[in-house]
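J.: Letter by letter, the chains look like this.
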Amino acid sequence: MAGIEGFLFLALQAIVSGILVGGVYGVLSVGLSLAFGVMRIVNFAHGELVMYGMYVGVIASKGFGIDPLLILPLSFLITALVGVVQYQVVFRHFVGHATLQQLLAAIGCALVLQMVAQILFGADAKTATSVFSGQYTLLGPLFLSQAQIVAFLIAVAATLAVTLLLRSTAWGKAVRAVADDLEAAEIVGINSSYVNIGAFALSTGLAGLAGTVLVTYFPTSPSAGFALMPIIIIATTIGGLGSIGGTFLGGIACGVIQQLTAMLWNSALQDVPLYILLMLFIAFRPTGFFGKRSE
Amino acid sequence: MTNASIPQMTIDPARKAEQIRSALLMLLPVAIVAVLPLLPFVNDYIIAATVRALIFITLGQAWNVVAGIGGLLSLGHGVFLGLGAYTTGILFNRYGIPPWIGVWAGAAIAMVFALVMGSMTLRMRGVFFALATVAMSLALVQVTRHFVDLTGGSDGLALKFNGNSFWAMQARTPAPFLYAGLVMVAIYYGITRWILKSRFGLEMMAVRDDEVAAAAAGVSVFRTKMLGFLLSAMMTAVAGTLYMQFYMAIDPEAAFGLSQAIQLQLPALLGGLGTAWGPIIGGAVMIFLSEVTNLGATKLEITGLDILVYGCMLLFVVLRAPKGIVGFFTEKRRKS
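Going down the list, the protein sequences come from chains A and B.
If you count the first sequence from 1, position 204 lands on 204 in our numbering, and the numbers rise without skipping.
If you count the second sequence from 1, position 189 lands on 189 in our numbering, and the numbers rise without skipping.
Just chain B, same shape as in the assembly (with noise of 0.2 Å):
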């Protein structure tokens, strides 16, 4: 069965204009955001507060596919973002190789990565999945640690800056990013979408929501969650060459660390699991609570406190609403 075969849906015009409205709707948060740079009372503060929010929705839209939509807990996606920025990283600083080759030896390094871990834990229940991604992150802190000739040790990566340069994809200023960032986004959510609508996207929800229902039915259980594992660590280390390019720098704990794996699932879990628009909703949420704690703190003089509002978010999604923000107003919706 393709696509082709799906008989469409008639569109009544009342239908229409209600999609064409909820459309303008998704244009303005967009708008806004292009604009930022050009509004008067706007410093370079809010843009690179934007600008990272922007790169933690990417983040999350690449884990909603595998845990969303594919209902597998990956929890040690920071190592598709590490490898991506540090393969960015180290080819830019001892090659020359620009990012925007980078990015793609990033990202292929990333899918063998998903393709061995894949091959040896997807065929097992999913509390093995996830300690083996667990597993699989701290090992690599170790190693980044201890190869300092390559990764520069516990102390990071630092990109050399030339000034501005397009061919380097740096920038003294934040506000191109943030039109980087902008693209990247849409062109998440546009994959997204195509997932969710199609037969590739059905499947996997099959999968997560029955497996043995789903592998009764045709569908072959193992190839689409390695698909959408695959598919997923792309994402994580595309997005992770755009981290490097906007932070500069990149160290072991912030790749491939627990704390960082957590920060990059919670604007999906926020936002809602499985939807277009939850991680970014989520993103947005979670920057802006994260920025006026770090305010708050800074004032009390009290370190890591946004990590504590971190796990309060978590728990208070997992316990009171699990289908996030998405799904508190879907539901609204629907009663009223």
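Next up, chain A with everything else stripped away, as it sits in the complex (with noise of 0.2 Å):
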């Protein structure tokens, strides 16, 4: 294959293994906007708990042989459950304002976390193994990793749950409203600070089970969490602070823009469009394509 139709193949490509590689980067920075757009929480550490739930995945997948995918369940409690200790202790004290003050505060527990993990697993990279790790697929003329294919399907069926949670239930409900209002939700007997829990620790056991999702295909340490940062807070800001299916989306557009910078330009310098992305968008449309206008 040469020519014009050589290049689109490559780009058919780019953009499909994009696409892939988005939707679990969009499942990843769910939880962080649920966290900001219910408690104005901008939590830094959201990387870290990403990174706790890949150690679930490598521990399942080397210590006891089991598939990582087979306990996401079993990592979204964790991380919760990290995430509900993570709110006692710290983020308590900011519902509501994202001051200068919270923002160091969840620096400082990313440092912690971070600094745990690797006292606790060491400093080198590790990977888990699922069944569909290392296969490939001829999808037409497209040459696709399964383990991306499963993890897109995963991280798209999370994100639904999410919004049908959040939509449809009684909880679902309380919880748009304090984000929406916090003193008349409080009026018409809503307990914010249970709310609040709850949103946090589903805000972390997503990015927990995100995680265990994500080390099928992609080796985890220590510094994987914070290396993961950037890419959450751009595809949050794209997408919309507060809006879950608009950083889903968020994530597929970061993921698409990588691979196709890659193809054209440099795989080196893949993340460096999005940071322009960035900058613009929080120059001329601060609250993404989907998020409230009104602050």
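Just so you know, these hints were derived from the structure itself, not from any lab.
Hints may be right or wrong, so weigh each one.
Now the stretches of chain B that chain A is said to cover, found in silico as 3 or more residues with beta-carbon under 8 Å [unchecked claim]:
(1) 70 to 83
(2) 113 to 125
(3) 139 to 147
(4) 256 to 266
(5) 298 to 305
Taking beta-carbon pairs under 8 Å as the criterion, some of the chain A residues facing chain B (in silico) [unchecked claim]:
(6) L120
(7) F121
(8) A157
(9) L164
(10) T237
The calculated SDA-like cross-link candidates involving lysine to any residue, where the alpha carbons are at most 20 Å apart (straight line), are [to be verified]:
(11) B:K299 / A:G122
(12) B:K323 / A:A123
(13) B:K197 / B:S22
(14) B:K323 / A:T99
(15) B:K299 / A:Q101
A virtual CB, placed ideally from N, CA and C, is assigned to each residue, including glycine.
Reconstruct the complex from the two isolated chains, following the hints.
T.: Right, here's the structure in full:
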């Protein structure tokens, strides 16, 4: 294949694998967006919880020989529990204001969680294998990783589940009420601190679940969480801080842009257009594509 | 209104004596640091640790201007440290331009960056400014890794060493940097004191405390934030040159990485945000604690223990002592 045909084929390959990777970026970011939407908390330690989720997968795979994809509920529970502790110790004091102190506290959490992981698991990179790891499928002319396809499907399912949870259950309605207007929600009898703990646990639990999915095709190390934070922040800002669906689409946009940059320019610089995009969004449309306009 | 039109307070003798006493108290640490190399039990290791403390104090003082006095959370201040260090290093290695000139080139480039970043993000709410500074520093990590010819890539950039030379700002022993650091800390302390007393500083603090009220009182909010950001960027880049001359090398993570940005914030946070003494006390405490932890960590063979200590310090300050060490003592003094 040569010329324009070959180029189009490469572009198609880049876009499809971008969507697959981006779906996982999306579900990594949804939790951050949720915590911001409900409590105005920007959890800089969100990536660390993804990293703990990845280690849950590693331990299951290497320690017990269990497929990481089978223990997703467990990794959700573990990181949700870490989230509850984090909320009770730190973020409880900062609900409602994304202040300087709150961002610093979140960074402090990130440093502590990262170094605890390094002491517990060592500094070197570790991998986990599921039945789909290292398997590839030819889909028409496209060459795709099975682990990435499965991860994408799980990401879509998890995001849909969260959306349904927030849309259709009584608890979800309470969460949205608190997000819209804290005082009014309290007046009609919603206990906002329970809602907040629940929403924060959901946020960090999702991070852990996404991490366990991610580790089936991406190695982990104590710094993996910090390394993922830029993508998570960019996906959330492009999609709209506080909007679940928007954030998911923002993740997909990030994946596609990364892959296209890698193809057209240089894979070492694949994140640079994303940073520029983030600056442009912050300057001209800080609410993202789907965020609420008023503040 | 200019400074001259502010009525001067009459100074009574008791107050003046108090001022002289506190001025002498301030000179004590300066004197101790200055005679440090002459003391018998002090070796190069202790001097080097003191220089590290002085460098992080200057970085903390620079960050304090934008974050403490201006209330703007720049999480990516490593950008300016890195630009200062890399510019000086590249100019020296490639063209033999001495750091005495390179430092101003670095400061100018840092200010151009600050101008672009600031004009895009300073009108937005604080979170977005913080996120943009993070994005900028991480983008620079990738860019410096990529342009290996210019920056040395991931391995970093090492200064060519020509032996002791005042012109090249290089020395075999850490003692000269002790005095350079001391002078810089003193200058930055003076700048901070001046800002805190000047109209510009009052405007910055007004914007920090209540943007809407400040604007209503006639303060140009955007202009004030921008000037504070530019000044802080310049101060950080100049400190970055000192960093480069002392460490003799820099790499992308040490320049633009987030953990470096956090280390550069800790002196001001620990000591007390928005105060002239805060970064000085905080920087000394920070380096002391990190040296002690590193000694312990080498014995226990655990790496990264200092980062864990930094994280705990950050959490402790934010949750338990938001006004830092200086705030803790001034409150105690008022009560008694």
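J.: Would you mind marking each hint as holding or not holding in the structure?
T.: Results for each hint:
1. Counting residues of the segment 70 to 83 of chain B whose C-beta lies closer than 8 Å to any C-beta of chain A gives 3; at least three are required, and the coverage claim holds.
2. A count of 5 residues in the segment 113 to 125 of chain B with a Cβ less than 8 Å from any Cβ of chain A is obtained; the coverage claim is therefore met, three being the minimum.
3. Coverage of the segment 139 to 147 of chain B by chain A holds. Counting CB-CB distances below 8 Å, 5 residues qualify, and the rule asks for three or more.
4. For the segment 256 to 266 of chain B, the assignment as covered by chain A holds, since 4 residues bring a beta-carbon within under 8 Å of that chain's beta-carbons and 3 suffice.
5. Only residues whose C-beta sits within less than 8 Å of a C-beta in chain A count toward coverage, and the segment 298 to 305 of chain B has 4 of them, enough to reach three; the restraint holds.
6. At about 11 Å, the closest approach between the beta carbon of L120 of chain A and any beta carbon in chain B exceeds 8 Å, and the interface hint on this residue is violated.
7. Proximity of F121 of chain A to chain B is violated relative to the hint, the smallest CB-CB distance being about 12 Å (cut-off 8 Å).
8. With its C-beta approaching chain B no nearer than about 29 Å, A157 of chain A sits outside the 8 Å limit, and its interface hint is violated.
9. The beta carbon of L164 of chain A is not positioned within 8 Å of any beta carbon in chain B (closest approach about 29 Å), and the interface hint is therefore violated.
10. This hint holds: T237 of chain A has a C-beta 7 Å from the nearest C-beta of chain B, less than the 8 Å allowed.
11. Proposed proximity of K299 of chain B and G122 of chain A is supported: the alpha carbons are some 17 Å apart, at most 20 Å.
12. Proposed proximity of K323 of chain B and A123 of chain A is contradicted: the alpha carbons are some 35 Å apart, above 20 Å.
13. Among the hinted pairs, K197 of chain B with S22 of chain B is consistent with the structure: their alpha-carbon atoms are about 18 Å apart, no more than 20 Å.
14. Annotation: proposed proximity of K323 of chain B to T99 of chain A holds, straight-line Cα distance about 15 Å (limit 20 Å).
15. Between K299 of chain B and Q101 of chain A the alpha-carbon distance is near 34 Å, which puts this suggested pair outside the 20 Å criterion.
In summary, the structure is inconsistent with hints 6, 7, 8, 9, 12 and 15 from the numbered list given earlier, while agreeing with the others.
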